[in-house]
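There are 2 protein chains.
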Amino acid sequence: MLQSKLFTKILREVPKDEKSINAQLLIRAGFVDKLMAGVYSFLPLGLRVLERIENIIREEMNNIGGQEILMPTLQPKENWEKTDRWKYQEMFKLKNRSKKDLSLGWTHEEIVTPLVKKFVKSYKDLPVYVYQIQTKFRDELRVKSGLLRGVEFPMKDLYSFHKDEKDLNQYYEKVKTAYFKIFKRCGLEKETILTLASGGAFCEYSHEFQTVTPFGEDKIYFCPKCKIAVNSEIIERERHQCSNCQNKDLTVKKAIEVANIFKLDDRFSKAFDLSFTDKDAKKKLVLMGCYGIGLGRLMGVTVEVHHDKNGILWPKEVSPFQIHLIQIENSVKVKSAADKLYQNLKKFGLEVLYDDRKNKTAGEKFIEADLIGIPWRAVVSEKTLAKNSVEIKKRNEQNAKLIKIDKLLPFSYV
Amino acid sequence: MLQSKLFTKILREVPKDEKSINAQLLIRAGFVDKLMAGVYSFLPLGLRVLERIENIIREEMNNIGGQEILMPTLQPKENWEKTDRWKYQEMFKLKNRSKKDLSLGWTHEEIVTPLVKKFVKSYKDLPVYVYQIQTKFRDELRVKSGLLRGVEFPMKDLYSFHKDEKDLNQYYEKVKTAYFKIFKRCGLEKETILTLASGGAFCEYSHEFQTVTPFGEDKIYFCPKCKIAVNSEIIERERHQCSNCQNKDLTVKKAIEVANIFKLDDRFSKAFDLSFTDKDAKKKLVLMGCYGIGLGRLMGVTVEVHHDKNGILWPKEVSPFQIHLIQIENSVKVKSAADKLYQNLKKFGLEVLYDDRKNKTAGEKFIEADLIGIPWRAVVSEKTLAKNSVEIKKRNEQNAKLIKIDKLLPFSYV
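Residue numbers (the numbering used here), protein chains in the order written: chain A, 1080 to 1493; chain B, 1080 to 1493.
There may be inaccurate statements among the hints.
From the derived model, a few chain B residues whose C-beta atoms are all more than 10 Å from chain A [unchecked claim]:
#, residue
1, I1143
2, P1155
3, K1333
Beta-carbon label-pair distances, calculated as ranges [said to hold, decoys possible]:
#, chain 1, residue 1, chain 2, residue 2, range
4, B, Q1249, A, K1088, 18 to 28 Å
5, A, R1091, B, N1475, 52 to 62 Å
6, B, K1095, A, E1160, 20 to 30 Å
7, A, E1219, B, G1144, 34 to 44 Å
8, B, E1396, A, S1177, 50 to 60 Å
9, A, S1322, B, K1095, 50 to 60 Å
10, B, D1328, A, K1088, 49 to 59 Å
11, B, Y1167, A, R1091, 28 to 38 Å
12, B, D1357, A, K1088, 13 to 23 Å
13, B, Q1103, A, K1362, 38 to 48 Å
14, A, K1084, B, C1324, 33 to 43 Å
15, A, S1201, B, Q1103, 22 to 32 Å
16, A, E1408, B, Q1249, 29 to 39 Å
17, B, A1280, A, R1091, 28 to 38 Å
Please keep in mind that the hints were generated in silico from the structure rather than gathered at the bench. Note that the Cβ used here is the ideal one computed from N, Cα and C, for glycine as well.
Throw the hints in and build the complete structure from the sequences for me.
Listed below in structure tokens is the structure:
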């Protein structure tokens, strides 16, 4: 993409109420725009990151048999009354012109359960794994952490349906593994910790994936031996010890929940009478699990974890572009060499942001490139061309090096 | 995809209040599920069609310089008061827990105009073309046409920003051409007619793309010479004649509006003071255009236009799969030949729905394949294998033919 065509520009100022690093950097660099508290637009650069994250999640969900669907935002009150969750405080409620009570979806158990019921009759129809990547709404009173806590935000929610507990348990473990793959690909492997948490109304425990960051809203008790943690909400109940090795020497860390997984058992299948005829000809309730990941939150936390004083450092797989090509000095010779390189890199299948702007100095271009945070920077100037070269620098390293233009492809540095 | 794994199944019954052909066929075949009037879930087959349509639109929007963004559903009252459109009847309104007035977006001029204002200062920053593919909400009182009129529905909305009328007019014509490309790729070229319509509060005229179908809600006056039409809403004003050749011999047709394009001029830039400094150093208002396409509606109208008594006939580019491979009789020999063919077709890059189900007769499989409506059907059975062949049939043709298995690839029939 030509940076001269990109309609967003680096902004000097961000909204005064944005205290979080992720929002400050993402707004200044033109990734997102704040419409109101907890509600953001994704701009071209930000939408590219969101799509990268989406595709990683989609691939890993498909790998564990997930079938993608898309359920509505508008949901009828009846469904929520069946599960006694209409009272949920953070649910947006509204009426249509016929005075029908509606809510905006903050989760979809009340929709997916009767949906799957239409297609499941026998044990032969199970298991079923369906997921969606869809916008969720939560009427949060206090919103102050940028993309870390949204009022409107993109989420992946997977629901699984099983004939028995063994099958549910096996799939639950599969999802755990898939989630770790996702966080690894998003560059958050090291910071993301499997954390035992309350199962709420559904079960004794759920699992959270907590990414350690100083701005996290949660407190977790980390066991350095097992590399797992316990959420502070149940640490008393767990008698201040690791659930695996009973170690009591736990480290307290601040973290943000980027995902959670629940065994729902028959909580929802009972409410909607989602049952099946088993091999033994008996009618049984389907057992369910649900598995969420917040995509906007994941994007925000990536910035919280991967930034320095000059800007963002996108991990490779979620970066909006793979390489930031910068043309400086803008002579005919430099322009034509850089233009050619841009075309070649694109032909080679690379996603390139090409800073072809005429009214910016080299210094300005470098500062903006650091803020945007693409992993590789390639500079073409009179100086580099004198040596028939391109100057290559990694965003997270200090030193640049010269590489002969004809050696740049295949671009093995990505 | 293995049909045995697909969680949806052909349904015998559809909701009694679904009178439209598109909803009946799409629900029976498992493409969509109705949650309530005008609100549908897209199931795996339906989501695939939606994604095909999305990608066609995305490609054509990118081709005319469109930059994709994603704006929010939740919108603050203040923005709508600035344009005096808070009173709009079909807008869903709600309050959050802090009593702030919000609406659900049914269009995004009130959001995109102040957004673009943040980045446009000079004529050098223009033109700007931004679009999104996003879910819209309209509080319709009567909803009866399946996907043709939604309460919650996916839409593509493009907004263009120009320094003068000439630039706006040129881009407006470019969008027209892009739209015809889209409808051609969606298999609706023949039926979709450029129609002069009222410009409402914005301008004298707008243009609609009306697809002719007996279940259309609009009436258009078609000029057989110029192949364009006039919407009945302005036919009096136009003195019952073609706007191009003044022909008065117009044919009345029923049609459904699948897209509309408007010149907004300075209606919104004035409200939000979106201005720029021109070459002559004068401050001027930006001129705008907006360009919508309803994706769900496009999917619905495709079914209205392309179906027969046995089911849907998807046009090639929007079909959920390119080929429906059917294994019958289910001997080890047939299964292994069909499995191998499935793998080979996939390796060749084809999207294949493979009916590998064991508990269905050939007749049942054919009836379901016709209902689902993939353009090509390939059958592997004892009979075809005896001739080392596969039976190939187009969905819209009566006759099947045998093709040697090793001649099937490269699959030039798609």
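- Are A:E1219 and B:G1144 spaced within 34 to 44 Å by their CB atoms? With a Cβ separation near 37 Å, A:E1219 and B:G1144 satisfy 34 to 44 Å, so the hint holds.
- Message: Range first: 49 to 59 Å. Now tell me if the beta carbons of B:D1328 and A:K1088 are that far apart.
- Response: holds (54 Å)
- Message: Quick check on a hinted range of 28 to 38 Å for B:A1280 and A:R1091, using CB atoms only.
- Response: holds (36 Å)
- Query: In this structure, is the beta-carbon distance linking B:K1095 and A:E1160 contained in 20 to 30 Å?
  - Reply: Roughly 23 Å apart at Cβ, these two residues keep to the hinted range, so it holds.
- Supplied distance hint 29 to 39 Å, evaluated on CB atoms of A:E1408 and B:Q1249: At roughly 34 Å between Cβ atoms, B:Q1249 and A:E1408 fall inside 29 to 39 Å, so the hint holds.
- Is 18 to 28 Å right for how far apart the beta carbons of B:Q1249 and A:K1088 are? holds (25 Å)
- Message: Minimum C-beta separation from B:I1143 to chain A exceeding 10 Å: can you confirm that?
- Response: Nearest chain A Cβ is 12 Å from B:I1143, so the label holds.
- State, for the Cβ atoms of B:Q1103 and A:K1362, whether the hinted interval 38 to 48 Å holds or is violated. Taking Cβ atoms as reference, B:Q1103 and A:K1362 lie about 31 Å apart, which means the hint is violated.
- Query: Within 33 to 43 Å or not, the Cβ separation of A:K1084 and B:C1324?
  - Reply: This hint holds: roughly 39 Å between Cβ atoms.
- Item | Satisfaction of the hinted span 28 to 38 Å by the C-beta atoms belonging to B:Y1167 and A:R1091 | Distance hint for B:Y1167, A:R1091 holds at roughly 36 Å.
- Query: So does A:S1322 sit 50 to 60 Å from B:K1095, Cβ to Cβ?
  - Reply: holds (52 Å)
- Item | Range hint 52 to 62 Å (beta carbons of A:R1091 and B:N1475) holds or violated | holds (59 Å)
The structure fails to meet hints 2, 8 and 13 from the earlier list, while all remaining hints are met.
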